[in-house]
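Given the structure of chain H, go ahead and fit chain V onto it with the hints provided.
Protein chains: 2
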Amino acid sequence: MVPYVADLTLVELKKLENELLLRYEKMASSGIKLDMSRGKPAASQLDLSMGALAGISDCRTADGVDARNYGGLDGIIELRRLFADLLGLNADNITLGGNSSLNMMYDTIMRLYVFGTHGNTPWSKLPAVKFICPCPGYDRHFGICEELGIEMIPVPMLDNGPDMDEVERLAAADPLIKGIWCVPLYSNPQGICYSEQTVKRLAAMPAAAPDFRIFWDNAYGVHHLGATTPLANIFDACDAAGKPDRPFYFFSTSKITFPGAGVAMECSSADNMTELRSHLKVQTIGPDKLNQLRTLRFLKNADGVRAHMKKLAGELKPKFNIVLDYLDRELGGTGLASWTKPAGGYFVALDTLDGCAKATVKLAADAGLKMTGAGATFPYRRDSLDRNIRIAPTYPTCNELEQAMKLFCVCVALTGVRKLIADRSK
Amino acid sequence: MVPYVADLTLVELKKLENELLLRYEKMASSGIKLDMSRGKPAASQLDLSMGALAGISDCRTADGVDARNYGGLDGIIELRRLFADLLGLNADNITLGGNSSLNMMYDTIMRLYVFGTHGNTPWSKLPAVKFICPCPGYDRHFGICEELGIEMIPVPMLDNGPDMDEVERLAAADPLIKGIWCVPLYSNPQGICYSEQTVKRLAAMPAAAPDFRIFWDNAYGVHHLGATTPLANIFDACDAAGKPDRPFYFFSTSKITFPGAGVAMECSSADNMTELRSHLKVQTIGPDKLNQLRTLRFLKNADGVRAHMKKLAGELKPKFNIVLDYLDRELGGTGLASWTKPAGGYFVALDTLDGCAKATVKLAADAGLKMTGAGATFPYRRDSLDRNIRIAPTYPTCNELEQAMKLFCVCVALTGVRKLIADRSK
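Sequence lines, in order, name chains H and V.
Taking this note's numbering, the leading residue of the first sequence gets 4, the next gets one more, and so forth.
Taking this note's numbering, the leading residue of the second sequence gets 4, the next gets one more, and so forth.
This is chain H alone, in the form it adopts within the complex:
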C-alpha cells in the first residue's frame, strides 16, 4: 500500500522507493513469465465456441447455394442478415470477408489510395494525405496509415469520444484530411463509448475533403461486460446529415467466436458498396462461405450472439475486476496513476505520471511481464507525455493475472516514486 506521494518528504520518498524495490526484486526473482501485450481471448473463452467447429454435412445456404464451391462475393445472405439485425445495418450493403476485419480496413484504404472514390483524386496522387487519429488508440490502425505515409494528426479522447471541437476544426480546415479512425464502443485502449452527440457531430460536421471518410471499427460492438451501452447508428446520422457515403463500418466475430477463424464484415452506403464490389471482384472470387455457415449455425441469430456474449462476459468480468481491484488497492489515492473503468471491450488504459510509461513497461519486462509497448497506443508510437499503458486482462488466467497485476502495480509505483525523487533532487 502506497500513501499519497505528493505529501511525502524526500526522505520518505526514498524510504518508499526502497520498500518498493524490495518487493519488485522479490517478484522479479520468482520467475514470472507472462504476456499481457495483446488483446487475445483466453483459451477458456474460446472453449465456449467449440460448437462453431462442429462438422458440416449440409453445405447449402438459405438460398440453395453450395457453400463449398466458388462464388458469392458478398458472402452468405443469412449471416449478412444476422449482422444487419444485430447492428442495425442494411444487409444489402454488407459484404463478408475472411477472418480479418483489419484486412478489410487495409484493403479499403488501399482502394481509396490507389483508385480514389466517386471521381475524387486517388489519395496516392495527392501531395499528402492526413488522418485524424483519436488517441490513445489502436496501434494497428495507426500502422496502416504509417505504411502508406498517411500523416497522422493526434486528437485527444474525452469521456464521450474524441475531442469533437478539435475534430471539427481539423476536418473543416484541410482538404488533405481524408479520414478519421473510430472505435466507437469501448475504445481500444480506454473503453470510452461515443455519445449520441459525438456520433451526430461526426456525421454532420463539414469536411473540406469531399471524400472524407469515417473508419468505424466497431470491434467491441456487442462486447458488454454488464449492461448494454447504446451506440447511435452512424448510417442514420450520416443519412440525416446528407452525407451517406461518409462511413465505412467494420465488425467481426474475432472476439465472439475465434480470433483466428471468425468472420469479418464491412458495410457502407449502397454507392460505396457498388464501387467496392467493382474492385473486390477483381481481387477474389469470394470469401470462405463454409466458415460463414459454421459461424451462422453456431450463433443462430442476433439473440444467439447476445446470449453468447453474456457467457463470454462471465469469463471476462472477473478479470477486469482483478485488474481494477489491484489498481484501486495498490495505486488508489497515491496520485501515481489514473485509469479507466470500462463497461466493455478488451482493455483498461492507465496513465502513469508524465514521463513514466516507458520505464514502467521496461521494469515489468525485466521481471518477466510483457505489457503492450509504451507509446504503442499513439501514432508513430509517440506518446508525447510518455504516460499511457494499455492493460489487456483477457489472455492470462485469473491466477496469472493476479500475479501480473501485483507486479505491474509495483512497477508503476516504483517508477513514479523514482521520478518524484529525481524531480525533487533537481
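Honestly, the hints are just simulated from the structure, not real lab data.
Hints should not be assumed to be uniformly reliable.
If chains are identical, the list can't say which one is meant, so a pair holds when it fits in one copy or spans any two.
[What the hints assert, rightly or not] Taking lysine-lysine and the BS3-like style, the derived pairs with C-alpha atoms no more than 30 Å apart in a straight line are:
no., residue 1, residue 2
1, K284, K133
2, K361, K429
3, K314, K29
4, K284, K18
5, K373, K284
6, K203, K18
7, K203, K373
8, K422, K303
9, K17, K409
10, K29, K128
11, K284, K128
12, K284, K361
13, K409, K303
14, K361, K409
15, K36, K303
For chain V alone, coordinates are given in the frame of chain H:
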C-alpha cells in the same frame, strides 16, 4: 456428322447450313439450361472432400499453437511443409493465405505497385507498366492488370509454353515490362505444359527491368488426368541463373478440396518473403489456421494429396473424354475447328474458323448453353482473330455435358458454315 467443308460447293454448304439449323432449332426448343462458363468442380468432386469438413476438437498445431487464436502470419508450419514437399519448395519461404490464391496475386501486384520492391521505383510512380500475357490465358490474371492500368502485351502460346523468342525479345528491350503471367502446368485454357527449356529460358533471360517478376500460378500443379507431367522447378532455375527474386509462386487447394474454402499459398525467395511479410503484418494478424488444420488433417501429406487427386481424376477423366469424343465425332476432319487435348487441368480450348468465336458462343447462349465469353481468354477481352473458345467440362454432370457438347458442336459447325457461305458469296 459434317464433311470436310472446304471441298463443298456453295450449294452443298447451304444445304449443310439448313441441316445444321434444323438440328440447332430442335435442341434450342428443348429447354436446355446449362452453364459451362466457369472452371468449377462438380458437386460429385466436392463430395470426395467431405472429410475436410469434419469437426475439430484438438486445435493444437504441431508446434503447440492454439489455432483458434490470433497469430501465425505465415500459417501453420505442418501445412507449409506439406506444400513444400508436394511442390519442391522451401517451407521457410511459404506463406499461407485464406481461400484465394487470386487474392494473394492481387495483393502481391498491389504491393509492387504501391511500395515497389528492393528499392526499385514503385510501379505506380512510373509513366507506364507493362506485363507479358501469354494467350489465350486466364481472364482473372488479365483483370488484375486491367484494374491497375498495366498495359498487357499478348504473346502466343506454343506447344511448350509461351513463344519464348518473343518473350525474351520483349523483356530485354523494355524496362517498363515488369512481369509475365504463367500457368505453367495445364495452362488455362489450353492445357499446355511448360517444357524444361521454357522454364530455364524464363529464369535466365535478361530483363531490362531489375524488378521483372514471373507470376507463376501453378493452379493445376497436381491436377493430372492420367500420367504425371513433370514441371521444372522455377526456383532452382532462377537460382541457377542468379535471379532468385524473379518468381512469385502461387498454389491452392481450391481444386483439391473446396473452391470456396481451400487454402492458398505463396512462395518466393527469402528476400522477397521478408519484404512481403513486412507489408502483410500491417494488413492482417494472420490467416485462418483452423481451416489450414482441417485441410492438413484431411490431406495428411504429399502422398495423401496425390492419392486424392487420382480420385478426382476419376471424376474428371470421363468428362474430358466426353468433350473430346464429341469434338472428334462432330467436328473432326471438317476443317471447322481445332482443339487441344490436355493431360490435366480444367479446360479444353477450341479454335473456330477466324471470326467465328463470338457468333458461336452467342448461338449457344440463345439455345440455353452458357459458355465462357468469347475473347475472355485474351487481354482486354480482345481475341484479334475471334476464334478461341474455352470449354469447361468439370461442372455439369456427364449427362448434361453430353447434351451441351452436342449443342455446342452444332453451334461451331453452323457458325463456321455460315462464314464460309458469306466468304464465297462476296
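How the hints compare with the structure:
no., hint, in the structure
1, K284 to K133, "both (28 Å within a copy, 22 Å between copies)"
2, K361 to K429, "within (21 Å within a copy, 86 Å between copies)"
3, K314 to K29, "neither (37 Å within a copy, 64 Å between copies)"
4, K284 to K18, "neither (67 Å within a copy, 46 Å between copies)"
5, K373 to K284, "between (42 Å within a copy, 20 Å between copies)"
6, K203 to K18, "neither (52 Å within a copy, 75 Å between copies)"
7, K203 to K373, "neither (39 Å within a copy, 50 Å between copies)"
8, K422 to K303, "neither (54 Å within a copy, 58 Å between copies)"
9, K17 to K409, "within (21 Å within a copy, 95 Å between copies)"
10, K29 to K128, "neither (57 Å within a copy, 58 Å between copies)"
11, K284 to K128, "both (24 Å within a copy, 25 Å between copies)"
12, K284 to K361, "between (45 Å within a copy, 24 Å between copies)"
13, K409 to K303, "neither (41 Å within a copy, 46 Å between copies)"
14, K361 to K409, "within (18 Å within a copy, 75 Å between copies)"
15, K36 to K303, "neither (39 Å within a copy, 35 Å between copies)"
The structure fails to meet hints 3, 4, 6, 7, 8, 10, 13 and 15 from the earlier list, while all remaining hints are met.
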